[in-house]
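Student: Listed below, chain by chain, are the residues.
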Amino acid sequence: MSPPAPMGSMNDAMSEFEKRTRELLEDSVQHVDGRIRSRLNQARHAAVEQVSRSRPLWRRFTLVPAAGAVAAALLVALVFWPHSHTGTSLTTEAGARAGVEDLDLLADSDALDLVSDGMDTGQFYEWAVDQADSNEASSTGA
Amino acid sequence: MSGFVTLASPYSMPSASHGDVELSDSTTNNQSRALNQFLAGVELKAFKIAQAALRHEDDALDAVQDAMLQLARAYSDRPAEEWKPLFYRILENRIRDMQRRRTVRGRVMSWLPFRGNDEDDEEQDPIAQAPSFDPQPPRKLEISETMDALEKALEALPRRQQQVFMLRTLEGLDVAETATAMGCSEGSVKTHYFRALQSLRAQLGDFWT
Numbered sequence: 012m013s014p015p016a017p018m019g020s021m022n023d024a025m026s027e028f029e030k031r032t033r034e035l036l037e038d039s040v041q042h043v044d045g046r047i048r049s050r051l052n053q054a055r056h057a058a059v060e061q062v063s064r065s066r067p068l069w070r071r072f073t074l075v076p077a078a079g080a081v082a083a084a085l086l087v088a089l090v091f092w093p094h095s096h097t098g099t100s101l102t103t104e105a106g107a108r109a110g111v112e113d114l115d116l117l118a119d120s121d122a123l124d125l126v127s128d129g130m131d132t133g134q135f136y137e138w139a140v141d142q143a144d145s146n147e148a149s150s151t152g153a
Numbered sequence: 002m003s004g005f006v007t008l009a010s011p012y013s014m015p016s017a018s019h020g021d022v023e024l025s026d027s028t029t030n031n032q033s034r035a036l037n038q039f040l041a042g043v044e045l046k047a048f049k050i051a052q053a054a055l056r057h058e059d060d061a062l063d064a065v066q067d068a069m070l071q072l073a074r075a076y077s078d079r080p081a082e083e084w085k086p087l088f089y090r091i092l093e094n095r096i097r098d099m100q101r102r103r104t105v106r107g108r109v110m111s112w113l114p115f116r117g118n119d120e121d122d123e124e125q126d127p128i129a130q131a132p133s134f135d136p137q138p139p140r141k142l143e144i145s146e147t148m149d150a151l152e153k154a155l156e157a158l159p160r161r162q163q164q165v166f167m168l169r170t171l172e173g174l175d176v177a178e179t180a181t182a183m184g185c186s187e188g189s190v191k192t193h194y195f196r197a198l199q200s201l202r203a204q205l206g207d208f209w210t
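As given, the protein sequences belong to chains A and B, one line each in that order. Going by this note's numbering, the first sequence opens with residue 12, and the numbers climb by one from there. Going by this note's numbering, the second sequence opens with residue 2, and the numbers climb by one from there.
For the record, the hints were derived by calculation from the structure and aren't laboratory data. Please note: incorrect hints may appear among the correct ones.
Now the in silico label distances, taken between C-beta atoms and shown as ranges [what the hints assert, rightly or not]:
{"id": "1", "chain 1": "B", "residue 1": "Arg79", "chain 2": "A", "residue 2": "Phe91", "range": "40 to 50 Å"}
{"id": "2", "chain 1": "A", "residue 1": "Val87", "chain 2": "B", "residue 2": "Ala41", "range": "46 to 56 Å"}
{"id": "3", "chain 1": "B", "residue 1": "Asp98", "chain 2": "A", "residue 2": "Arg31", "range": "26 to 36 Å"}
{"id": "4", "chain 1": "B", "residue 1": "Gly107", "chain 2": "A", "residue 2": "Val81", "range": "54 to 64 Å"}
{"id": "5", "chain 1": "B", "residue 1": "Arg79", "chain 2": "A", "residue 2": "Phe28", "range": "34 to 44 Å"}
{"id": "6", "chain 1": "A", "residue 1": "Ala57", "chain 2": "B", "residue 2": "Arg97", "range": "21 to 31 Å"}
{"id": "7", "chain 1": "A", "residue 1": "Ala88", "chain 2": "B", "residue 2": "Asn30", "range": "32 to 42 Å"}
{"id": "8", "chain 1": "B", "residue 1": "Arg79", "chain 2": "A", "residue 2": "Arg64", "range": "17 to 27 Å"}
{"id": "9", "chain 1": "B", "residue 1": "Asp59", "chain 2": "A", "residue 2": "Ala88", "range": "54 to 64 Å"}
{"id": "10", "chain 1": "B", "residue 1": "Ser27", "chain 2": "A", "residue 2": "Val81", "range": "25 to 35 Å"}
{"id": "11", "chain 1": "B", "residue 1": "Glu146", "chain 2": "A", "residue 2": "Glu27", "range": "11 to 21 Å"}
{"id": "12", "chain 1": "B", "residue 1": "Arg160", "chain 2": "A", "residue 2": "Ala57", "range": "20 to 30 Å"}
{"id": "13", "chain 1": "A", "residue 1": "Val87", "chain 2": "B", "residue 2": "Arg34", "range": "38 to 48 Å"}
Here are the simulated lysine-lysine pairs, BS3-like style, with alpha carbons at most 25 Å apart [unchecked claim]:
{"id": "14", "chain 1": "A", "residue 1": "Lys30", "chain 2": "B", "residue 2": "Lys153"}
{"id": "15", "chain 1": "A", "residue 1": "Lys30", "chain 2": "B", "residue 2": "Lys191"}
{"id": "16", "chain 1": "B", "residue 1": "Lys153", "chain 2": "B", "residue 2": "Lys191"}
The beta-carbon is built from N, C-alpha and C at its ideal position, and this holds for glycine as well.
Could you build all of it, start to finish, from the sequences and the hints given here?
Tutor: If you want it as structure tokens, here you go:
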């Protein structure tokens, strides 16, 4: 008996014995029962589904540009955040101070008394200017 | 007639060099289809090869299932031409693992004083156990007897010889593919195949004359 051909098609160098053996084995494959076929079918679908579910590695990298853009935006926001935060707080503090002064003025009972005493607003301003001028003259004279 | 018309083989894989999502989806679909076609073509033969090695239907099914999943998980992006030897390589590793585990389990069980038989605990399938009404004409009976003799002769072969014989004869792998599947040299494949043929001829001579 000669050993099988090293390369090439199996059929080329197949002896009768090998051919018959092959036919028998293939016949036995065709007669595999339904339970086995069903289980193999399920296993195959599970394997194929796994491929459908999993994204190839190169596809995962298609999200890199979008992720980079988001990261850059976050970086910019972080860099500018302290300045914008300080500006906002200064404005808020100034506004809050002005609000408090307005409240003081409104709550000033003397001013209300002034109005209720019938003093003209114009007279008051004249008086205030005179007061300021006299203070100035006294300070320079001294 | 256009010179650019090409016929794609059923296992041909489209290139995946573009980044657009639509193309990649169709690539994945083609890949899944090709893999499904490949596995459908090898699953029954793979089962017979595993069954000959493990001599147990459910173990053989488990081995084939594991090999399918492993191929899909790790090698589905490889060229389809490489799938067959890779698949049988994975299957062979799985079979070897199961045989080792079975050997260890057998040793452990042999030390236990009260060991039950797992086969007895399994519920028998009434359909499988029912007598067949299919008449057995003489020719069919003869084939059945020859097949039984062949299966017994195959089971009696050393593991490597059996594997080489099944891969080459049933699956039709050439020497190089068989060597890849078995993780050995082509020279070893030839030697194992030759010895397997000798043994089988010696045992089955009566059935083939």
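Student: Hint by hint, note whether the structure agrees.
Tutor: So, going through the hints one by one against the coordinates:
no. : hint                            : in the structure
1   : Arg79/B to Phe91/A: 40 to 50 Å  : 49 Å, holds
2   : Val87/A to Ala41/B: 46 to 56 Å  : 54 Å, holds
3   : Asp98/B to Arg31/A: 26 to 36 Å  : 33 Å, holds
4   : Gly107/B to Val81/A: 54 to 64 Å : 58 Å, holds
5   : Arg79/B to Phe28/A: 34 to 44 Å  : 36 Å, holds
6   : Ala57/A to Arg97/B: 21 to 31 Å  : 23 Å, holds
7   : Ala88/A to Asn30/B: 32 to 42 Å  : 40 Å, holds
8   : Arg79/B to Arg64/A: 17 to 27 Å  : 18 Å, holds
9   : Asp59/B to Ala88/A: 54 to 64 Å  : 59 Å, holds
10  : Ser27/B to Val81/A: 25 to 35 Å  : 28 Å, holds
11  : Glu146/B to Glu27/A: 11 to 21 Å : 19 Å, holds
12  : Arg160/B to Ala57/A: 20 to 30 Å : 28 Å, holds
13  : Val87/A to Arg34/B: 38 to 48 Å  : 46 Å, holds
14  : Lys30/A to Lys153/B             : 18 Å, holds
15  : Lys30/A to Lys191/B             : 18 Å, holds
16  : Lys153/B to Lys191/B            : 22 Å, holds
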